[in-house]
Amino acid sequence: MKFGILINEGPYTHQASDSAYQFCKAALAKGHEIHRVFFYHDGVDNATRLTEPPQDDRNIVNRWSKLAADHGVDLVVCVAAALRRGIKDEILAPGFRISGLGQLIESGIQADRLLVFGD
Amino acid sequence: MSEHGAIKKFMYVNRKAPHGTIYALESLEVVLIAAAFDQDVTLAFLDDGVYQLKKGHQTKGIELKNFQPTYRALEDYDITKLYVEKESLESRGLTADDMCVPVEVKSRADLGRMMEEQDVLLSF
Chain A
-10 MKFGILINEG PYTHQASDSA YQFCKAALAK GHEIHRVFFY HDGVDNATRL
40 TEPPQDDRNI VNRWSKLAAD HGVDLVVCVA AALRRGIKDE ILAPGFRISG
90 LGQLIESGIQ ADRLLVFGD
Chain B
131 MSEHGAIKKF MYVNRKAPHG TIYALESLEV VLIAAAFDQD VTLAFLDDGV
181 YQLKKGHQTK GIELKNFQPT YRALEDYDIT KLYVEKESLE SRGLTADDMC
231 VPVEVKSRAD LGRMMEEQDV LLSF
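As they're listed, the protein sequences go chains A and B.
Just so you know, our numbering puts 29 at position 40 of the first sequence, and the rest follows in order with no gaps.
Add 130 to the 1-based position in the second sequence for our numbering, that's all there is to it.
No lab work stands behind these hints, which were simulated from the structure alone.
Among the hints, a few may not be true.
As the list claims (entries may be wrong) - Derived DSSO-like pairs (lysine-lysine); straight-line CA-CA distance at most 30 Å:
1. A:Lys19 / B:Lys139
2. B:Lys190 / B:Lys146
3. B:Lys138 / A:Lys(-9)
4. A:Lys19 / A:Lys55
5. A:Lys(-9) / B:Lys195
6. A:Lys77 / B:Lys195
7. A:Lys14 / B:Lys138
8. A:Lys77 / B:Lys146
9. B:Lys139 / A:Lys14
10. B:Lys138 / A:Lys19
11. B:Lys211 / B:Lys138
12. B:Lys185 / B:Lys146
13. A:Lys(-9) / B:Lys185
14. A:Lys77 / A:Lys55
Just so it is clear, the structure is predicted and the values come from calculations on it, not from any experiment.
Model the full assembly from the supplied sequences, consistent with the hints where possible.
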């Protein structure tokens, strides 16, 4: 099955990004396809390479970058939400790209299921 | 018919108060973009989301943008299916007359059935 993912919360404060990541990993392991992961609202904060969590904690941002590198998952950050929150091209972690909300709607159209991970 | 293929049924579920968090405003931005994709769009308002449509928002005092006029513009985007949950209205002492746009009031059970029929549910 082809899944689209929407993440509406930032890293660490909410578990949404963790849950979405665990879902993506499990789905890929079962042979499913992740069409796109779209980051909206504070979810755009998952995309900054300036993140430096303590050593003994998971690195949420790097985890997404690795998923993109290993499985070619398309990580898209909403431009309007990103600019509001100071997320720009020059601070994006590897694998992320900034684009418009149309990418979310397109994912809803093209994927078999669109899953929302929020508060 | 959209250039992206078959038309899907999209429902946007609005559950949050208009201010206090940014969900209502940014969700409205999704709806406006989505209008360009020629999909079958429905908006549902429940829980504190019904306050998004409560007439007479005045945001000057809190220095936030009053985006309520945008709901009245939805019609220009051919978005006319707005449903408000009956139970959410009643528990807040509101009626359809308090809404700033024409809405259809649906029971929780009816809304649930409508959700079942959707292809894509976006809950904010």
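Quick rundown of the hints versus the structure:
1. A:Lys19 / B:Lys139: Status holds; Cα separation ~28 Å.
2. B:Lys190 / B:Lys146: OK: Lys190 (chain B) and Lys146 (chain B) at ~20 Å, within 30 Å.
3. B:Lys138 / A:Lys(-9): At roughly 15 Å apart (the allowed maximum being 30 Å), Lys(-9) (chain A) and Lys138 (chain B) satisfy the hint.
4. A:Lys19 / A:Lys55: Status holds; Cα separation ~18 Å.
5. A:Lys(-9) / B:Lys195: 38 Å, violated
6. A:Lys77 / B:Lys195: 24 Å, holds
7. A:Lys14 / B:Lys138: 27 Å, holds
8. A:Lys77 / B:Lys146: Holds, at about 28 Å.
9. B:Lys139 / A:Lys14: 28 Å, holds
10. B:Lys138 / A:Lys19: 26 Å, holds
11. B:Lys211 / B:Lys138: Holds, at about 15 Å.
12. B:Lys185 / B:Lys146: 16 Å, holds
13. A:Lys(-9) / B:Lys185: This hinted pair is violated, its Cα atoms lying about 41 Å apart.
14. A:Lys77 / A:Lys55: 20 Å, holds
In terms of the numbered hints stated before, the structure departs from hints 5 and 13, listed from lowest to highest.
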